[in-house]
Amino acid sequence: MTAPVQTPAEAAPLGPGCSVIGSGAPHLDPSEPAAAIPLETPEYAARWARRQASAHRELYALLDAVRDPELPELSIWDLGVLREVREAGGAITVAITPTYSGCPALAVIREDIAACLTRAGCQGFAIVEETRPPWTTALLSRAACAQLRAGGVAPPVTGPVRCPVCGSAETALVSEFASTACKAHYRCRNCLEPFDHFKMLK
Amino acid sequence: MSLLEAVVGLGDDALVLGQRLSEWCGKSPWLEEDLAMANTALDFLGRARLLYGYAERLGGCDEDAYAFQRDARAFTNLQIYELPCADFASACVRQFLVDAFDALHLEGLSASADAELAGIAAKARKEALYHRRRSAAWLVRLGDGTAESRRRMQQALEELWGYHGELFAPVAAEARLVAAGVLPDRAALRPPWLEAVTAALGEATLELPAAGWEADGGRQGLHTEHLAPMLAEMQHLHRSHPGARW
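Which chain is which? The protein sequence lines are A and B, in order. Residue 101 in numbering that gives the first Met the number 0 sits at position 102 of the first sequence, with consecutive numbering throughout. Residue 0 in numbering that gives the first Met the number 0 sits at position 1 of the second sequence, with consecutive numbering throughout.
Hints may be right or wrong, so weigh each one.
[As the list claims (entries may be wrong)] Estimated spans, in silico, between C-beta atoms of each pair:
1. 173(A) x 172(B): 43 to 49 angstroms
2. 148(B) x 126(A): 46 to 52 angstroms
3. 191(A) x 228(B): 55 to 61 angstroms
4. 126(A) x 202(B): 53 to 59 angstroms
5. 173(A) x 161(B): 34 to 40 angstroms
6. 128(B) x 126(A): 40 to 46 angstroms
7. 173(A) x 148(B): 17 to 23 angstroms
8. 48(A) x 26(B): 48 to 54 angstroms
9. 215(B) x 88(A): 23 to 29 angstroms
10. 240(B) x 122(A): 32 to 38 angstroms
11. 106(A) x 148(B): 37 to 43 angstroms
[To be verified] Under 10 angstroms between C-beta atoms, here's a sample of chain A residues computed to sit facing chain B:
12. 103
13. 132
14. 169
15. 171
16. 173
17. 174
18. 182
19. 198
20. 200
[Said to hold, decoys possible] Residues from chain A that keep clear of chain B, each with C-beta distances beyond 12 angstroms, as calculated:
21. 50
22. 57
23. 60
24. 120
25. 129
26. 156
27. 159
28. 184
Simulated from the structure, these hints should not be mistaken for laboratory data. The beta carbon of each residue, even a glycine, is placed where N, CA and C say it ideally should be.
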């Protein structure tokens, strides 16, 4: 069986955080032109601007080492779980948000943040969970989609779900839920690979 | 009814349904459905934790005390959530009925005058719409499926139908919170819910049951005989080993 030939005109519209104007993503997707620079969503741009304007940029950089335990290819910053690092009355507060209400990874993420900051010599910080405004996939960083594909997970897209291995759009939904609530289970009809799809949540 | 009692009631709805859904892990028709049921259960468990967390900030007790240290009479969930749903058809029908309700109710609640409730509802609604997509697909697949699957779905619908009214029954004690814009008016959600359910049942070739008796009393702590055994299992570990940690 050969892969269907795709032209750029047939390429699926990409989801939030996944727009490309060229290629360069670390996978072979014949639908994407060469030399891609992912564009960002307004939601991500606002996060990035807040991080850049923060007096605690070095703490954000430190926390880039904290990964999601169930999607280890993504940092909590790239996933949008790390909302803000702020200071009030000399105390540092790290605000995080759950992807899904029951996401069990959040407890591990809290421990990992505490360990990361403690190792760096920070003391007396607080970690708080905030649900307003709710998390959506639009908060994903510009790097997240390529990182997901590299980890074998199809990123959230508006068009057909493409196989992260061969790039084919000939895929079938197996189950609305996969190994975690944030993913659905798919199968590639072209290369037969079973894979997870990071669901779009608007 | 105080805001605290209203928040705990909503938390109980979510916890009890989450526990019922989690019972399907390992008993579903196939592995993918085990995962889907468990993931849906996790969304409801997460919703319960957000609501119990808010209840604690309102002066209530902590989430473990709400979940594990109360007897059935102290739970104020509506009865539709506590039913055991012994076959998969029944679990699918119940899920569709409550998902269709959630989509409307959480939309109203996300406009609550209470910012905390509004925030929790806005988050839960995103998940509820996804749940509804899945349960509506099962409704059609099994309703418009084989003669046996259709028979079971229709039977489940008839058995569950009496419990849907409680979703919309105005609770006198809630009137003040509804008037203050904290809680949506449940009675007003009934016509759009019935319209959506009627359309979905039509697609699934199932028949809308005739109106009959309606369950009542869940918010006052009155329950079916099914809740206490469920709690006994859910609370066993915590009560046998109080304060134990992993």
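Hints, verified against the model:
1. 173(A) x 172(B): 43 to 49 angstroms: holds, 46 angstroms
2. 148(B) x 126(A): 46 to 52 angstroms: Given range 46 to 52 angstroms: holds, Cβ gap about 48 angstroms.
3. 191(A) x 228(B): 55 to 61 angstroms: Violated: the Cβ-Cβ distance is about 45 angstroms, outside 55 to 61 angstroms.
4. 126(A) x 202(B): 53 to 59 angstroms: Once the Cβ atoms are compared, 46 angstroms apart, the range 53 to 59 angstroms for residue 202(B) and residue 126(A) is violated.
5. 173(A) x 161(B): 34 to 40 angstroms: holds, 36 angstroms
6. 128(B) x 126(A): 40 to 46 angstroms: Taking Cβ atoms as reference, residue 128(B) and residue 126(A) lie about 29 angstroms apart, which means the hint is violated.
7. 173(A) x 148(B): 17 to 23 angstroms: holds, 20 angstroms
8. 48(A) x 26(B): 48 to 54 angstroms: holds, 49 angstroms
9. 215(B) x 88(A): 23 to 29 angstroms: violated, 51 angstroms
10. 240(B) x 122(A): 32 to 38 angstroms: Holds: the Cβ-Cβ distance is about 33 angstroms, inside 32 to 38 angstroms.
11. 106(A) x 148(B): 37 to 43 angstroms: holds, 39 angstroms
12. 103: holds, 7 angstroms
13. 132: holds, 7 angstroms
14. 169: violated, 20 angstroms
15. 171: violated, 12 angstroms
16. 173: Holds. Min distance 6 angstroms.
17. 174: Nearest chain B Cβ about 4 angstroms off; hint holds.
18. 182: holds, 9 angstroms
19. 198: Because about 7 angstroms separates residue 198(A) from the closest Cβ in chain B, which is inside the 10 angstroms limit, the hint holds.
20. 200: holds, 6 angstroms
21. 50: holds, 23 angstroms
22. 57: holds, 30 angstroms
23. 60: The claim holds: residue 60(A) sits with its nearest Cβ about 29 angstroms from chain B, beyond 12 angstroms.
24. 120: Its Cβ never comes within 12 angstroms of chain B, the nearest being 28 angstroms, so this holds.
25. 129: Non-interface label on residue 129(A) violated, nearest chain B Cβ at 8 angstroms vs cutoff 12 angstroms.
26. 156: Given that every Cβ of chain B is farther than 12 angstroms from that of residue 156(A), nearest at about 16 angstroms, it holds.
27. 159: holds, 17 angstroms
28. 184: Violated, since 6 angstroms does not exceed 12 angstroms.
Of the numbered hints stated above, those contradicted by the structure are hints 3, 4, 6, 9, 14, 15, 25, 28, listed in ascending order.
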